[in-house]
Amino acid sequence: MQTKILLDEDQIPKRWYNVQADLKTPLDPPLHPQTQKPIGPEDLSAIFPMDLIRQEVTTDRYIDIPEEVQEVFRLWRPSPLYRAFRLEKFLKTPAKIYYKWEGVSPAGSHKTNTSIPQAYYNMKAGIERIATETGAGQWGSAMSFATMLYDLECTVYMVRSSYTQKPYRKSMMHVWGAECIPSPSTRTNAGRAMLEKDPDTPGSLGMAISEAVEDAASRKNTNYALGSVLNHVCLHQTVIGLECREQLAMVDDYPDVVIGCVGGGSNFAGISFPFAGDKLSGKHKDVDIIGAEPASCPTLTKGLFTYDLADEAGYTPLLKMFTLGHDFVPPSMHAGGLRYHGDSPIVSRLVHDGVMRAVSYHQGEVFDAAQTFARTEGIIVAPETSHAVKSAIDEALACKKTGEDKTILFNCSGHGNFDMSAYDAYYEGKLVDYEYPDALIKEAISRIPKIS
Amino acid sequence: MRRIGFLINPVAGMGGAVGLKGTDGNVEEARRRGALPEAQNRAKVTLALLARESGIMFVTCSGPMGEDALVKAGVQNYQILYHYRGDSSARNTRQAAMAFKNAGTDLIMFCGGDGTARDIFDAIGRDLPILGIPAGVKMYSAVFAIDPITAAELIRSDDEPVLRDSEIMDIDEEAYRAGQLKVRLYGIARTPGSEGKVQIHKQVFEERDEERAKMEISRFIHEIMIPDVLYVLGAGTTTEAIARDIGVNKTLLGVDAIKNGSTVATDMNEKTLWDLLRQEHEAKIIISPIGAQGFILGRGNQQISARIVRRVGCGNIIVVATPHKLRETPVLYVDSGDSVLDAEFGDTVLVVSGYQMAQRKRIYQNETIQRKVKSSGTHENPDRPVT
Ligand SMILES: Cc1ncc(COP(=O)(O)O)c(C=O)c1O
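Residue numbers (the numbering used here), protein chains in the order written: chain H, 616 to 1067; chain C, -14 to 372.
I should point out that these hints are in silico values taken from the structure, not numbers from a laboratory. Hints should not be assumed to be uniformly reliable.
As the list claims (entries may be wrong) - Derived DMTMM-like pairs (lysine to aspartate or glutamate); straight-line CA-CA distance at most 20 angstroms:
# : chain 1 : residue 1 : chain 2 : residue 2
1 : H       : LYS898    : H       : GLU683
2 : H       : LYS812    : C       : GLU159
3 : H       : LYS812    : C       : GLU158
4 : H       : LYS619    : H       : ASP868
Unchecked claim - Interface residues of chain H toward chain C, partial, derived using beta-carbon atoms under 10 angstroms:
# : residue
5 : PRO946
6 : VAL1047
7 : PRO1052
Don't be surprised by glycine CBs; every beta carbon is placed ideally from N, CA and C.
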């Protein structure tokens, strides 16, 4: 009985898988925020390098991973796939549970899978500096690591509530040579406007994105980088699912259920797109793909599938996605990386088309699951990741009821070593079960003549 | 130097120990049954922890109403501002509180029960923060610290305390002795909150935070109000803030009704509310949990009776509360006087706590009654919030 299923370094994927190639109809195009007309590559060229813009829109099924990027990936890829024997035994489930462990990367999460290629393409395009945002600090530290490797400067706008809650993420960024400032800040017009409106705002990912975009757009040597949501980010993350498919094949298995937690959708996309491709092509029609999100920010389960801005100030294109509204400010819960009003347009589309589905959980119950996981498998996961753990446990317990021996695969997106204050709050009984009051809002929308 | 007014109701808690349901108007009977003054012992725990605080000056009453306990606890930094003779009474409590206030006291700490809280509130209202060391028989008011040690911790901090609204409850003593609980919301005082132990900047932030949370709740509720629906607003400062956002006045302690942005009725009793609802085809109730325990129904919102809730429908109750209030009340209670209806509320309730934000809170449910309701199945309410 094999616990760790390992690939050799030369089995690191050589190509990313692009699920856009297998969509029945093309994605709805991003629209210009002012003209509401579809945007072209030149609209994005002020803040993104052309290689990434091309990846954003291409419908090629496979895209080569540059040698130089594969080189860096060797530091932690291929990541291990674990069979969760101890968890299975604890749950007394007939199901087989596998988890892909992305916490082995230097920054501690899947985020480096895209920060490396993003920094690489920017370096190649002659860019000298990156401006980006970070929610919980995972993306900011992953980008700091990547920009350091390619000798780029990096400024990270960190959502203010996390900036104070998670000082060690900030320290990591410093170690890797990046600058980290709390958002909203007085550096940008967007930040100043937000502070004027509300000096005590805890900040949000939407606000921080506006600041980073403005920073990048107003400097010639600077580009912007986003850690989730966009198509090219989801594309880069597919190394996760591609490796999983190989690893499961090594033990003669294929998942019945694939699970990831969902903030902007990138790690979920990463583990699931290769399997969604199998589903779309009819090779594995029955695979059940589940995104797990917080009840306080339930974009996929309670949002509307419509065009909305990706940021607060309105600098970004309008994306067709599930959204709670770009002005929605989620509460300061511990899974800071899941506090985003929208979601990846591709994930949204696949959920809308029924290829994937979503579930939502309260803070308290996901920490129960995280504790169970830590006490069986040993790993203390990030609060974001705990949503996927919870969903996997739920699926395994459902199997116990029905007696089915399904194969459950979930993405263990990152470790929680810098989130111990969240665990402390859990043990002190201080976790609040925030929930989006969906019924009240939908009733109002349907019955009030006009609601903004 | 902070000046803390301190007073004891020397007879508080005496009734409880000897099986009486309160001590007010019952002191002789309590003494006859052998009750010993309990309040002093409780207060001593708190005072002993504060005895060596150099930054605190106590102002107090003579003898059993204060001085005795301070001396026993080893407090040296005190001054007697109020003298009285013979057995103390409610009048003495009110006069002492007034004397503290006139002497420029920062906060009044008292040891007693709901009756004592009411007497102090009568004298000083919201002018000074009030903190109770629990010692009475009945403590439904929210001014009490959880225990005497916590009371000391709330006082001990060097900084300005974070203040929160706390309901003072009025229990009908006659009815209570007859085995009936009739609790009315008497007033809303100011009390140091449990966040009072952190540094000053944070506190100022936090305090402003609660007002901000009320504004956010109000903005949200206002936005989702549906035309031609009657909104019944229960008691408290959160519902008051909602009315303010709409642009109407609301009675702080009463139940008012609003429709299409205008006040329809104020300070209704159960009967007038019932009559009003009978003319309306659709209504919603907006209420806030009240009191130390956090009652959604039954304590402080009595006007909203079981038949009123049934008429409106459980699913049309919108519960609102600031995150600060919710932090103090881990579990909420429903006591509508109709245990079947109480059970229909289920195990959890959604409480709107900000703009487009709510918290899922547990409701205390008596398991026996729940089981009965579930097995009979007759009262299932499809509108009930999902659990
Ligand atoms: C460990 C971890 N998992 C998941 C996420 C959510 O992001 P995404 O949905 O893009 O994977 C984050 C974001 O910060 C994260 O840090």
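>> Need the list of violated hint numbers for this structure, in ascending order.
In response: 1, 2 and 3
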